[in-house]
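J.: So the protein sequences, as listed, match chains C and R.
By this note's numbering, the letter at position 439 of the first sequence is numbered 675, and the numbering carries on one by one without gaps.
By this note's numbering, the letter at position 28 of the second sequence is numbered 32, and the numbering carries on one by one without gaps.
Everything labelled a hint here was simulated from the structure, so no lab data went into it.
Please read these numbers as outputs of a predicted model, since none were measured by experiment.
All C-beta atoms, glycine included, are put in the ideal place defined by N, C-alpha and C.
Any given hint could turn out to be false.
To be verified - Reference listing, derived: stretches of chain C covered by chain R, where coverage requires no fewer than 3 residues with Cβ under 8 Å from a Cβ of chain R:
#, segment
1, 373-381
2, 468-474
3, 490-496
Stated by the list, open to error - Taking CB as the label site, the calculated pair distances span:
#, chain 1, residue 1, chain 2, residue 2, range
4, C, 428, R, 17, 39 to 47 Å
5, R, 14, C, 544, 28 to 36 Å
6, C, 384, R, 73, 56 to 64 Å
7, C, 697, R, 151, 50 to 58 Å
8, C, 560, R, 40, 52 to 60 Å
9, R, 94, C, 301, 30 to 38 Å
10, R, 170, C, 709, 30 to 38 Å
11, C, 605, R, 91, 46 to 54 Å
12, C, 698, R, 84, 20 to 28 Å
13, R, 146, C, 359, 42 to 50 Å
14, C, 254, R, 18, 50 to 58 Å
As the list claims (entries may be wrong) - Covered, in the sense of this in silico footprint (three residues per stretch, anywhere, with C-beta under 8 Å from a C-beta of chain C), are these stretches of chain R:
#, segment
15, 36-43
16, 94-100
17, 173-183
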Amino acid sequence: MSTATTTHEAHHHDEPPRGLKRWLFTTNHKDIGTLYLIFSLVMLFVGGIMALVIRAELWEPGIQYVDPQFFNAMTTMHGLIMVFGAIMPAFVGLANWLIPMMIGAPDMALPRMNNWSFWILPFAGAMLLSTLFMEGGAPAAGWTMYPPLVLQTGEAFPFLIFSVHLLGLSSIMGAINIIATILNMRAPGMTLMKMPLFVWTWLITAYLLIAVMPVLAGAVTMLLTDKYFGTSFFDAAGGGDPVMFQHIFWFFGHPEVYIMILPAFGVISQIIPTFARKPLFGYSSMVYATASIAFLSFIVWAHHMFTVGMPLAGELFFMYATMLIAVPTGVKVFNWVATMWRGAMTFETPMLFAVAFVILFTIGGFSGLMLAIAPADFQYHDSYFVVAHFHYVLVTGALFAIFAAVYYWLPKWTGHMYDERLGKWHFWLSVISVNVLYFPQHFLGLAGMPRRYADYAIQFTEWNQVSTIGAFAFGLSQLLFVYVIWKCVRGGQKATAQVWEGAKGLEWTVPSPAPYHTFAEAPEVK
Amino acid sequence: MTDPRAQAREANRRLVRRLVLVTAAMFGFGFALVPLYDVFCEITGLNGKVDLDPAAALPAGVRVDTARTLRMELVAQAPAGAAVSIRPLRPKLTLHPGELRVARFELRNLADRPVIVRAVPSVAPGLAAAHLRKVQCFCFDEQRLGPRERREVAVVFYIDPELPAEVRTVSLSYTLFDLRQRAGRVVADPGRG
């Protein structure tokens, strides 16, 4: 029914309605994509400010600015907001903007549901943030919400659970929409193995989402009933087991980390061929590698919990299975490098971010391999080494890919070229400060500094200060990003349809800015 | 023009139905992990989980293996801040596999109102859990204590001679849970109305 409505509109209005109503009631994939991207940018700054509170407190040992309970609330909220509010919505926003244009579809398959899945987000985000002002403070048991600690959360507890439910619901609806779009709306001739890699990685990500977000919803529902309705899923007194929560959580949690990185792989696989002016090396191996990573993500979850007292056989299984993931990931990295090999490369801002992604994500992958070694993990577990690892894959991985994507497609969205000089400034400031920020955390972790504490032993001071300097520099550099986007939206050199000399794909055949309705008539794909 | 669009609509509807079904099934799977996990731990004896079914623990033709001597450590703890205490009368004992033994604990209510507590056992090392057989245990029942009441409780157990040879020390730990704090949840509380 929803499809009928949009097509109906498509025939009668070429221009969107004006004012607030346009954004509230829009079913247009480009509008919804924009909304998602703006939402995630706002959340990036909200979560970023929380990170700066954390880094400010860790400038010196001892308690300086915030009390430990609030510090713990900051680490918890920072994690939840960055994962569910910034990174995931940003990729859904990119999917909304790009997937229909890349496969030659007029819109998403279910435009009204699309509107709904976006508009849940601001409410869920507001609900989560409102806990900061509640009796007992915001949730402070870590974003992983382990019981029994999380059950001690004050009035914020049900708000935490329901906002996770809502955020999950939004992602599931987004994922269903993306699968339906990709499977049913491709232009004639666009076979699965001709789809751009961004579309492929999102198809697989969407399947991961509908497979694991409901499991998270179940896990937090069990927490809720344990606290308020007398069940004892995780309560030993009633025959439950708190470790079971960790198993269920990480059964969701590990695929979740690939949900946040697979679309990034897709973005990088679009950008590198453009600026290397060569087709992607090993297209089909990229597709199969993505699918293998997705499959393996379901059988490695317990590597997050090597220290809970697993039998040797379990430790070994999860260790080897985890290391196996390095094989398809390695295939991808080699393919990107082989694409660049002897290419006529130029280094515009998207390419700079993409190259930085390949290098820095690989560093994060290597520290992941170190963590996968079960006997060594007993030393690294819950230390700053883990913090360094997942920030390398999520910040210089996922977030850098999002930056690269925004610079790459911004001319297509706005019709103007962004300021290349400022874009390069943003890149160099970011890439230097992000390493100043996270690289020392490897040393801190190996030296024994645990994560999630407001205080630390005095010998960790110097590297913490370096890290804090990096954090503020990285945070402030992002203001430049906002300025570049703002400037580009307001005006600038007119962008051509193809924008980049080496760009290939259907989205580059429509004019820039992309008209409100594209591919009302399906293009022919040879 | 309308025909292919109607077809697309139908295809979308079919696909969405299937995907929603998968979502619902995965929500159920999250819950199904709970019994699956328990069954898995019970079969493999992981995680220190012990069999709470007394019928399964009756000695049937178990012979005492006097060639082997094991150390047994008894530990018990009350929840922080609770007005109950528990301690083993003898925290350490030595025994042979297959030998039926009794361990006693002293349970005390330190408050002026009645309490209901329950002890939950756990065995270390985890692999020994399947081999510690409790014939009778105070942990099978809720313990109701009157104001300031002191009570001696016991567990009757033996260690299965099948216990892996490398295990020389077995720890049996009880954690007490105050069921009153969970009043109205697990037990009906007669003392409260």
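J.: Next, verify each hint and record whether it holds.
T.: Outcome of the hint check:
1. Chain R is given as covering the segment 373-381 of chain C, and this is violated because 0 residues of the stretch bring a CB closer than 8 Å to a CB of that chain, at least three being needed.
2. Given a C-beta distance limit of less than 8 Å, the hint that chain R covers the segment 468-474 of chain C holds, as 5 residues qualify and 3 suffice.
3. Chain R is given as covering the segment 490-496 of chain C, and this is violated because 0 residues of the stretch bring a CB closer than 8 Å to a CB of that chain, at least three being needed.
4. With their beta carbons about 21 Å apart, residue 428 of chain C and residue 17 of chain R fall outside the hinted range of 39 to 47 Å.
5. For the pair residue 14 of chain R and residue 544 of chain C, the beta carbons lie near 49 Å from each other, so the given range of 28 to 36 Å is not met.
6. Our hint of 56 to 64 Å for residue 384 of chain C and residue 73 of chain R is violated, since their Cβ atoms are close to 38 Å apart.
7. About 54 Å separates the C-beta atoms of residue 697 of chain C and residue 151 of chain R, a value consistent with the hinted range of 50 to 58 Å.
8. Between residue 560 of chain C and residue 40 of chain R the CB atoms are about 24 Å apart, so this pair departs from the stated range of 52 to 60 Å.
9. One distance hint, 30 to 38 Å for the beta-carbon pair residue 94 of chain R and residue 301 of chain C, is violated here, with the actual separation near 52 Å.
10. A hinted range of 30 to 38 Å is violated for the C-beta pair residue 170 of chain R and residue 709 of chain C, which are about 55 Å apart.
11. Under the hint 46 to 54 Å, the C-beta atoms of residue 605 of chain C and residue 91 of chain R, about 47 Å apart, fit the expected range.
12. Checked against the given bound of 20 to 28 Å, the beta carbons of residue 698 of chain C and residue 84 of chain R, roughly 38 Å apart, lie outside it.
13. Hint check: residue 146 of chain R to residue 359 of chain C, Cβ distance near 44 Å, so the stated range 42 to 50 Å holds.
14. In this structure, residue 254 of chain C and residue 18 of chain R break the distance hint of 50 to 58 Å, their C-beta atoms being roughly 37 Å apart.
15. By the rule of at least three residues with a Cβ nearer than 8 Å to a Cβ of chain C, the coverage given for the segment 36-43 of chain R holds, with 4 such residues.
16. Coverage of a stretch by a chain is defined here by at least three residues with a beta carbon nearer than 8 Å to that chain's beta carbons; for the segment 94-100 of chain R and chain C the count is 0, and the condition is violated.
17. Remark: the segment 173-183 of chain R is confirmed as covered by chain C, as 3 of its residues place a Cβ nearer than 8 Å to a Cβ of that chain, reaching the required three.
The structure fails to meet hints 1, 3, 4, 5, 6, 8, 9, 10, 12, 14, 16 from the earlier list, while all remaining hints are met.
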